[in-house]
Amino acid sequence: MDHRPQNWGRPRDDVYGAYDGSYLQSSGPKQATQSPIVTGTSVIALKFKDGVVMAADNLASYGSLARFTDVPRLRSFAETSVIGFGGDVSDMQYLNRHLTDLSIDEAYAAPSSTDTTTSPGAGTLNAANLHKYLQKLLYSRRNNFDPLWNQILVAGLDSSEAPFLASVDMRGTAFTSPSLATGFGAALAQPIMRRYAETDEQAAQLSREEAVKIIKECMKVLYYRDARSLDKYSLAVVTKAGVEISEDEQLEQQSWAFAERIKGYGTQTV
Amino acid sequence: MFRNNYDNDSVTFSPQGRIFQVEYAAEAVKQGSVVVGIASKTHAVLVAIKRNAEELSSYQKKLFPIDEHVGIAIAGLTSDARVLSNFMKQQCLAHRLTYGRDMPVRSLIDLIGDKAQVNTQHLGKRPYGVGLLVAGVDERGGPHLFEFQPSGMTEEMVAFAIGARSQMARTYLEKNVEKFAECGREELIAHGLKALKESLVQDRELTVENTSVGVVGVTGEGAKRVVEPFKVFDGQDVAAWIEAVADDKEGGDDAEAEAGGDAPAPAGETMEVDE
Amino acid sequence: MAMFSQNPLMNGPNYSFNEAPRVNAPEGARQHRFDPYTDNGGSTLAIAGADFAIMAGDTRLTSGYSINSRYHPKVFKIGGTTADQKDATLVLSVVGFMADGEALKEKLDSICKMYRYRHGKAMSVEACARRLSIILYQKRFFPYYAYAILGGLDEQGKGAVYSYDPVGSYEREQCRAGGAAASLIMPFLDNQVNFKNQYEPGSGEGHALQERERRPLTRAEVEILVKDAFDGAVERHIEVGDGLQMMVVTATGIEEIYLPLKKD
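Residue numbers (UniProt numbering), protein chains in the order written: chain Y, 1 to 270; chain E, 1 to 275; chain W, 1 to 264.
Next up, chain Y with everything else stripped away, as it sits in the complex:
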C-alpha cells in the first residue's frame, strides 16, 4: 500500500509503468501538435439547387471515450458561409477564434454592415474566398511542421452566387465536389450522397428538402457504423438568404434490428 497522498487514485507504477510526464513539459523546444487528442469525427455536406446543407455530430471524443457530448462543430462566417471541422477540437477552437477575429475585421471594412439594401455579406469574404484563405493558413502551418490537425469543409456561395462547397485538410490539400465528407464519412456517407448528386448538374436538381433528407439519412448511417459518433448533431443550411444552423438535432427513427445478426454489435459471443 502506497500511503503517500500524491499517489492515491493513480495507476500503479508497477503495473502500468511510471507516468510519462514529458507530455506536460512546458520548457524545452516548442512543441507542435504531433497527434490529435480530443477529436471530432465526420463532417458531411451536399450541394442543392440554391445552396449547401452540412452536418456534423456534437461529439468530441477522447480516444475511444465519448468525452464531450455537446460540442457543435459547425460555425457560420459573416452570415454568408458555413464551416465544419473534423479532427482535433483544440485546433478547431483556435481556428474558431481566428475566424471570429477575421469576420469582425471584415465586417468593419465592408459597406454592408451599414447598408441594408445589399444582400448579407456583400463586399465581404464569400465562401470561396474563405476557403482559399483557410487553405493558405493550413498549408503554411504544415510548411512550418506545426499543422492544424483538422479537415475542414467550407460551404456557401461563390462570387457568381452559385453554391460552393470545398474541403481543405491539415496539409493544405484543397478540393471541391458536389458532395463532400471527412473522416469515416468519406467511406460511409459519400457513396450515398453521390447516388443523388454525382455531378453539379444533378446537385442543381435537388431541392432543399431533398438535400436535408439525404444528409439526415447519411448521419444515421454514420451513427450506425462509426463508433466515434453521436446521435445528437448540428445541421446547417446556407443559401443566398443567409445561414441557418440548428445545433440540437436528434437522429430519428433509428432501427437497430440489423445489429442482432451482426457479431460485435449485440450480445452474441460466437
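Worth double-checking, as some hints may not be accurate.
[Claimed, not checked] Example chain W residues on the side facing chain Y (calculated, C-beta under 8 angstroms, incomplete):
#1 Thr-38
#2 Asn-68
#3 Arg-70
#4 His-72
#5 Thr-81
#6 Ala-103
#7 Ser-124
[Stated by the list, open to error] Far from chain E by the CB rule (all over 10 angstroms, computed), these chain W residues:
#8 Tyr-37
#9 Ala-83
#10 Glu-106
#11 Lys-113
#12 Arg-140
#13 Tyr-145
#14 Glu-155
#15 Gly-168
#16 Leu-184
#17 Ala-220
#18 Lys-263
It should be emphasised that the hints constitute simulated quantities derived from the structure, not laboratory data.
All C-beta atoms in this analysis are idealised placements derived from N, C-alpha and C, irrespective of residue type, glycine included.
Knowing the structure of chain Y, use the given hints to seat chains E and W on it.
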C-alpha cells in the same frame, strides 16, 4: 538658405504646429504635371499630361496599372512613385493569392497611407515626394477614386486633380460634379480630358504624344458582375478622344481660373493642428 | 519491488508530474511524426508539335482509395495579365502532392506577372523554364513533392515541353508523361511520338534493319494519341480517371478541351 529653423527634418514641429518637410513634400507634387481622376457609378478614369524633358526625349509615364482592378496616376517624383507602385502591386498579388479576390481598394489605400505616414514621424526618413490618384473597382460599392498625399493623407473623391496648375482642372470638376455619377465610360473620359485642358498653359494642346488615359469599370452585380480591367491608353489609341473634346469651347470659364500654385494644397490643411 | 523503495523520484510521480522520470525511450520515439506529404494520384502528359504544344492531365483527385474529387484540374494557364488568364501563353501541369503542386503554380504565376509588370512583355518559355527549375531547387531540402511539366511555344514558334523532377532537374523534350501512370504512358509515347522500335517492314534483320522515318505529328494525331494514352492508363491504374483536361497552346492562344474518362 533655410526658410526657418524647423524644416531640417520631419520629426520637428514648428511653433505654429507645422511640419515643414511634409509641406515641402506636398510642394513636390505640384511640380509634377497634372493628372485628373473621375469616378462614376460604373467607371473610374484617370487622365494625365505627360512631359518630355526636351524635344528629343521620350515622355515620362504618368499612369501605371497596379492590378487588374486598380491603376494609379502620379504627380511628383516618378522614382518615389515606382516604390509605391511596386509595393501596391505586391500587396494586390498577395491579397489575390490569399483570398482569391480583388483587393478592396480602400484596404490598399490604407496600406500606402500608413506607409507614408511612417516617413513623416521617423528621424532620418523622408516623406514620399509624390501624390497619387488611385482608381479602382471592388465589391464594396463599385468604382472608387482615391487621393493620396505625401503626408499619408488619403481620401475618397468623386473627382480630383493633382499636379501643376491642377486648380483649374479642379474648378472644372467642381462645376460639373453633379453630372459624373451617371456618366458612361466615354462621357467620363471626355470630362477628364476637358478638365485636363483647363490646366494647360496658353499655347499647349492635348496631343497623342502627351496624353494618357486609364480606364477601369464594372457593370452588374453578383452573378452578372463584369469587370473591365484597368487599361492605359497612349498614342493613337487616345486620338479619337482628344478629337472629341477639341476646341468645342463649351466651358469658357477662363474668368475664374486661378493660379494653381497659390491655392492652399489639401495636404497642408491636414497637417495643420486643429483648434 | 521498486514501489517499496520509498524514493518517489525513482519510483513514480512526485508532487509534480514534471519531476517524474522519463520513460526509457529515445526522445521523440513516442511521438507519431507528422508526415507533411501525401500522394493525390493522377497523371499528366505533354507533347510538343511543330507549331503547338499539348498539355493534358486527368481530373481525379485521390487520397488512398478514396476519390476526393472527380473534377480537380492539374493543368493551368500561367502568366496572363488577369486572374482568368485569358491572355496567357504558357501552361504548367503538376502532379503528385497537389497542395505543393498548386503552391508551385501560384508562385510561378506571380513571378510571371511581376516579370510582365517590370518588363512590359510576357515571359518566354525558355526563361520561365529556367525560373521554374530555380524555384524547385530553392526548396531542395523540403521539396515541392510535385512533378511539373511546362509547355509553350519557343521564340521560333515551335512547340516546347520542359519536364522536371521535384527538386528542379529539367530538360526540354518532345514528350513526357508524369505522375501515377507515367510508367504506363511513357513507353507508349516513346513508340508513338518518337517512333521507337518501329522499323521499315522487310528492310532486313539486325543492323540492316531500318528505322521508320520520324516525322512531327499533326495536332489532330496528337489529340487522339493523348486520349488513347489516358484511356489505357484508366484501365490499368486506379488513381487515374473521371475526366481528361487538355490545353492546346498555339500562336493564336490556348484552347482548352475537356473529355470524359471512365469514372470507375
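(message) Hint by hint, where does the structure go against what was stated? Just the numbers, ascending.
(response) 5, 7, 9, 10 and 11
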